[in-house]
Amino acid sequence: AQTVTQSQPEMSVQEAETVTLSCTYDTSENNYYLFWYKQPPSRQMILVIRQEAYKQQNATENRFSVNFQKAAKSFSLKISDSQLGDTAMYFCACAYNNNDMRFGAGTRLTVKP
Amino acid sequence: DTEVTQTPKHLVMGMTNKKSLKCEQHMGHRAMYWYKQKAKKPPELMFVYSYEKLSINESVPSRFSPECPNSSLLNLHLHALQPEDSALYLCASSQETGSYTQYFGPGTRLTVL
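Same order as they appear, the protein sequences are chains A and B.
Here the first sequence is numbered in the numbering used here, starting from 42 and rising by one per residue.
Here the second sequence is numbered in the numbering used here, starting from 101 and rising by one per residue.
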């Protein structure tokens with residue numbers, strides 16, 4: 042079975058600080074892709090960052106970066122210089138070649154002023 | 101342009117009604133998806149269309165009937181729904197099925213009375 046686990050149901054961070062959201066996954070596939078999606082209260086799922094499993098270099102997108110540890114099957118998201126607009130539910134997801142995308146349970150992040 | 105649009109934004113229907121949800125994308129994507137999302141939960145995959153053909157049906161009850169009239173449009177026909185079907189219904193699209201990035205629409209908030 043392919044599963045994605047987010048062990049932090051809720052987190053909070055002060056504005057301008059850095060926060061790291063954890064994600065682990067379990068798969069026997071060799072080729073897969075990892076994603077972090079953000080879902081603010083407006084409810085639209087927005088892609089934050091994507092990582093191909095075959096790439097060793099960690100993906101970065103402005104203030105967002107990942108720590109991809111393939112052997113440990115870990116894919117954490119670091120948000121630097123947190124902003125109030127980062128307040129949202131964050132979902133980690135893993136997609137496989139057989140059309141299957143699995144989501145974690147989500148982490149609710151609150152950025153405090 | 102990475103926009104997926106969905107109409108209506110909100111829908112309230114009785115258990116005997118027939119209604120349809122609509123999704124549209126103009127990114128040339130050949131894969132489209134329907135997800136169901138309950139409050140504070142991750143999205144659950146319902147259907148996948150690839151090149152306008154249904155490729156995945158995740159054991160969804162027949163009261164949900166998907167339709168893909170062309171490569172840009174995806175409908176979800178609803179009939180004889182139950183109150184437990186109340187949820188946010190998300191549409192997504194991707195370049196191809198598999199591990200390509202999925203882009204989500206804003207969703208339709210459905211309430212079944």
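Note that these hints are calculated values from the structure, not bench results.
Just so you know, not all the hints are guaranteed correct.
[Stated by the list, open to error] Restraint-style ranges between C-beta atoms, simulated for each label pair:
{"no.": "1", "chain 1": "A", "residue 1": "P82", "chain 2": "B", "residue 2": "Q195", "range": "27 to 35 Å"}
{"no.": "2", "chain 1": "A", "residue 1": "P154", "chain 2": "B", "residue 2": "P161", "range": "18 to 26 Å"}
{"no.": "3", "chain 1": "B", "residue 1": "R130", "chain 2": "A", "residue 2": "P154", "range": "42 to 50 Å"}
{"no.": "4", "chain 1": "B", "residue 1": "K153", "chain 2": "A", "residue 2": "P82", "range": "14 to 22 Å"}
{"no.": "5", "chain 1": "A", "residue 1": "R84", "chain 2": "B", "residue 2": "T116", "range": "25 to 33 Å"}
{"no.": "6", "chain 1": "B", "residue 1": "L213", "chain 2": "A", "residue 2": "N72", "range": "26 to 34 Å"}
{"no.": "7", "chain 1": "B", "residue 1": "Y151", "chain 2": "A", "residue 2": "T151", "range": "38 to 46 Å"}
{"no.": "8", "chain 1": "A", "residue 1": "S83", "chain 2": "B", "residue 2": "M127", "range": "14 to 22 Å"}
{"no.": "9", "chain 1": "A", "residue 1": "R149", "chain 2": "B", "residue 2": "Q182", "range": "24 to 32 Å"}
{"no.": "10", "chain 1": "B", "residue 1": "N157", "chain 2": "A", "residue 2": "E56", "range": "22 to 30 Å"}
{"no.": "11", "chain 1": "A", "residue 1": "P81", "chain 2": "B", "residue 2": "H126", "range": "21 to 29 Å"}
The beta carbon of each residue, even a glycine, is placed where N, CA and C say it ideally should be.
Verification of the supplied hints:
Taken as a hint, the range 27 to 35 Å holds for the pair P82(A) and Q195(B), whose Cβ atoms sit roughly 29 Å apart. Taken as a hint, the range 18 to 26 Å is violated for the pair P154(A) and P161(B), whose Cβ atoms sit roughly 45 Å apart. Range check, R130(B) to P154(A): about 44 Å between beta-carbon atoms, so the 42 to 50 Å window is met. Range check, K153(B) to P82(A): Cβ separation about 36 Å, and the 14 to 22 Å hint is violated.
About 28 Å separates the C-beta atoms of R84(A) and T116(B), a value consistent with the hinted range of 25 to 33 Å. Separated by about 45 Å at the C-beta atoms, L213(B) and N72(A) break the suggested range of 26 to 34 Å. The given range of 38 to 46 Å is respected by Y151(B) and T151(A), whose C-beta atoms sit roughly 42 Å from each other. Separation of S83(A) from M127(B) is about 21 Å and conforms to the stated range, judged on CB atoms against 14 to 22 Å.
The beta-carbon spacing between R149(A) and Q182(B), approximately 28 Å, falls within the hinted interval of 24 to 32 Å. In this structure the supplied range 22 to 30 Å is violated for N157(B) paired with E56(A), their Cβ-Cβ distance being about 45 Å. Between P81(A) and H126(B), the C-beta spacing of about 24 Å keeps the proposed range 21 to 29 Å intact.
Hints 2, 4, 6, 10 from the earlier list are contradicted by this structure; the remaining hints agree with it.
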